[in-house]
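Peer 1: Each chain, letter by letter, is given below.
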Amino acid sequence: MAAILKDLFEHHLIFVGGKGGVGKTTIASAIGLAAAKQGHSCLLVSTDPAHSLGDIFDMTIGERQTRLTENLWGLEIDPDAESTRHITSVKTQMKQLVHPRLYDEIDRQLDLASYSPGASEAALLERVADLMGDGGSGFDLVVFDTAPSGHTVRLLSLPEVMGAWTDGLLRHREKASRLDAVLKNLGGKTRKGDDLSLIDNTERHPTGSTVGTLDEILQKRRRKFIVARDKLLDATTTAFLLVLNPDKLSLLESQKVVTLLTRFKIMVSAVVVNRVLPDDADLQGSFLRARREQEQTYRRKIDTTFSQFPRIVVPLLQHDVCGIETLDSIGQRVINEWLGR
Amino acid sequence: MASRQRRSWWKHFQLLLSEFYQAPYRGAIARAKRDEDDLFMLFVFAELMGVPNPATYYTLEMQPLLLERFHAWHKRMGMEHSPLDHFRCC
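Sequence lines, in order, name chains A and B. Residue numbering for the first sequence follows my numbering, beginning at 1 and increasing consecutively. Residue numbering for the second sequence follows my numbering, beginning at 342 and increasing consecutively.
A portion of the hints provided could be inaccurate.
Across the chosen pairs, the derived CB separations fall in these ranges [what the hints assert, rightly or not]:
#1 B:F386 - A:K301: 39 to 49 Å
#2 B:G391 - A:V153: 16 to 26 Å
#3 A:G20 - B:F386: 31 to 41 Å
#4 B:A369 - A:D234: 37 to 47 Å
Below, computed lysine to aspartate or glutamate pairings styled on EDC-like, alpha-carbon distance capped at 16 Å [to be verified]:
#5 A:K220 - A:D303
#6 A:K220 - B:E402
#7 A:K95 - B:E409
#8 A:K231 - A:D130
#9 A:K95 - A:D111
#10 A:K248 - A:E160
#11 A:K224 - A:D130
#12 A:K301 - A:E253
#13 A:K37 - A:E70
#14 A:K220 - A:D134
#15 A:K91 - B:E402
#16 A:K95 - B:E402
Simulated coverage check for chain A against chain B, where a stretch passes if three residues somewhere in it have a Cβ under 8 Å from a Cβ of chain B [said to hold, decoys possible]:
#17 89-97
#18 116-126
#19 130-138
#20 216-230
Because the hints were derived from the structure by calculation, they are not lab data. Each residue gets a CB set at the ideal place from its N, CA and C atoms; glycine is no exception.
Bound conformation, chain A alone (with noise of 0.2 Å):
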C-alpha cells in the first residue's frame, strides 16, 4: 500500500484543475493533508481569487505560508498585490536609470500598465512560476489549486513570447548600431532623429552599461519560466488531476481541458468524479432516483470519454466540507481509490 502510495506523493507538483465550484480546492486540501500524514512536507497553493482555502480549514491564510497543521503550510496569492509589488520595484529601478525629470511620466506609465487586464493574470503566474521553483523547494509536495488550462498553457509559451519581445528590442540595439555604421560606410546618412545615442552612448547615463543589466533581469524572469515550463512537461515531477462533477457542464469543460492539455503534450494523471450521491444513501422519494439516474449516465460517459485516465470517485457528504477530519476522510477515500485504480 505504501509503495504505491508513494506514486502519486513522488511527484514534486500536484496541480489540482477544474471547472469553478467541483471541488478543486477540497480534493486538493485533501490530497494534501494526506500526504503531510504520510510525513511528506506539503504547501498547498490557492490561485482562486475567491480563497476558500482559507474557509475549508476555518483559518485566515494570507499571501505568506501559514501553518494548517503538522507538515501542512497554505498560501492564498494575491495576483493584485502581487502586480503592485512588480510594478513598484520596476518604478525604483528604472528612476534610478532615467533622468529625473521623466520621474511622473514613469509613474503615470506604469501605474497604466498595472491597470491592465493582463497584469493579474501575469503576476499570478510569475508567482505559480517561482513556487514551482525556488519557492517551492523546500517542501516534498506542492498542491496547486487552481483552473488547469488556462494558466498552464500560458506558462508554456511564455519563454518563447517573452525571446521575441526582448530580442526585437535588446539584441536590436546592436543590430540596429551595425546597421547604422554600415550604413555609414555605404555613404549613406543617418537622418536626423535616428539619433538613439542616448541608449547606445552608454557614458551618458548616470550609471554603467544599462542594456546590460535590463538584458540580465529579463533573461533571469525567462529562465524562471522555461524552469517551470520543463517541470510542467516532466511526467515525473509534475501531476495533474482533473476535477469535475457529474454533470453536462462539468464533462464538456473537462473535456475542452483533456484535449488542449493534450495537446500541449501534459499528461493527465487522473480523474476525480467529485459530489457523486453515495451507494448507501437513502433514494426512495422519486426526486432523487432521478437524480441518480442522470448521475449514471453521467458516470458512464465519463468512464467512455476518460477511459484512458484512472477515475477516482468521491462521494458527496452530507455537511459541508469543513475542517481537518472531513478533509482526513475526504483524503483516504482519495487514496484508497487511487490505490485500486
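Chain A is already provided as a structure; the job is to place chain B on it using the hints.
Peer 2: Quick look at chain B alone, frame taken from chain A:
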C-alpha cells in the same frame, strides 16, 4: 596643370566607382533597419490600441527604451511632438 587635372578626374572616377558598387546595397540595409523599426512600432501601437501583449508585464523594465525609440520615431516622421496622448515622451 595636366597632372592636377588628371588627379581630380581620377578622384571623380573613384567616387563614381564607389557609388556604382555601394548604391545598390544602401537601399537594402536601410530597408532592413526600417523593418526592425516597424516591428517595434507594431508592438507599441498594438499595446496602446488595446491588443494585449503578454510579454509587456514581464518586460516593463524596457519602458525607457520604448519611450526613447518612440520619440525618435515620431521625430523621424516629421512630428514635433508625440501624436499619442498617453505616450508623452516630450
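Peer 1: Each hint needs a verdict: does it hold in this structure or not?
Peer 2: Hint check results:
Separation of B:F386 from A:K301 is about 48 Å and conforms to the stated range, judged on CB atoms against 39 to 49 Å. Evaluation of the 16 to 26 Å hint for B:G391 and A:V153 yields a pass: the beta carbon distance comes to about 22 Å. In this structure the supplied range 31 to 41 Å holds for A:G20 paired with B:F386, their Cβ-Cβ distance being about 35 Å. Separation of B:A369 from A:D234 is about 45 Å and conforms to the stated range, judged on CB atoms against 37 to 47 Å.
The hinted pair formed by A:K220 and A:D303 fails the criterion: a straight-line CA distance of about 44 Å is larger than 16 Å. At most 16 Å may separate the alpha-carbon atoms for a hinted pair to count; A:K220 and B:E402 meet this at roughly 13 Å. Restraint check for A:K95 and B:E409: the C-alpha separation of about 15 Å stays at or below 16 Å, so the hint holds. As the CA atoms of A:K231 and A:D130 are separated by approximately 12 Å, the hinted pair is consistent with the 16 Å bound.
Restraint check: the Cα-Cα separation between A:K95 and A:D111 comes to about 14 Å, which is no more than 16 Å; the hinted pair holds. Proposed proximity of A:K248 and A:E160 is contradicted: the alpha carbons are some 36 Å apart, above 16 Å. Straight-line distance between C-alpha atoms of A:K224 and A:D130 comes to about 7 Å, which keeps the hinted pair within the 16 Å bound. For the hint pairing A:K301 with A:E253, the CA-to-CA distance comes to about 13 Å; that is within 16 Å, so the pair holds.
For a cut-off of 16 Å, the pair hint linking A:K37 to A:E70 stands: about 8 Å separates their Cα positions. With a CA separation close to 13 Å, the supplied pair A:K220 and A:D134 stays within the 16 Å bound. Simply put, A:K91 and B:E402 have alpha-carbon atoms about 8 Å apart, close enough for the 16 Å limit, and the pair holds. For the hint pairing A:K95 with B:E402, the CA-to-CA distance comes to about 10 Å; that is within 16 Å, so the pair holds.
With 4 residues having a Cβ less than 8 Å from any Cβ of chain B, the segment 89-97 of chain A passes the three-residue criterion, so the hint holds. Here the segment 116-126 of chain A counts 7 residues with a CB under 8 Å from a CB of chain B, which clears the bar of 3, and the coverage holds. Residues of the segment 130-138 of chain A lying with their CB closer than 8 Å to a CB of chain B number 0, which falls below the three-residue condition for coverage. Figure legend: the segment 216-230 of chain A, annotated as covered by chain B; annotation consistent (4 residues with Cβ-Cβ distances under 8 Å, at least 3 required).
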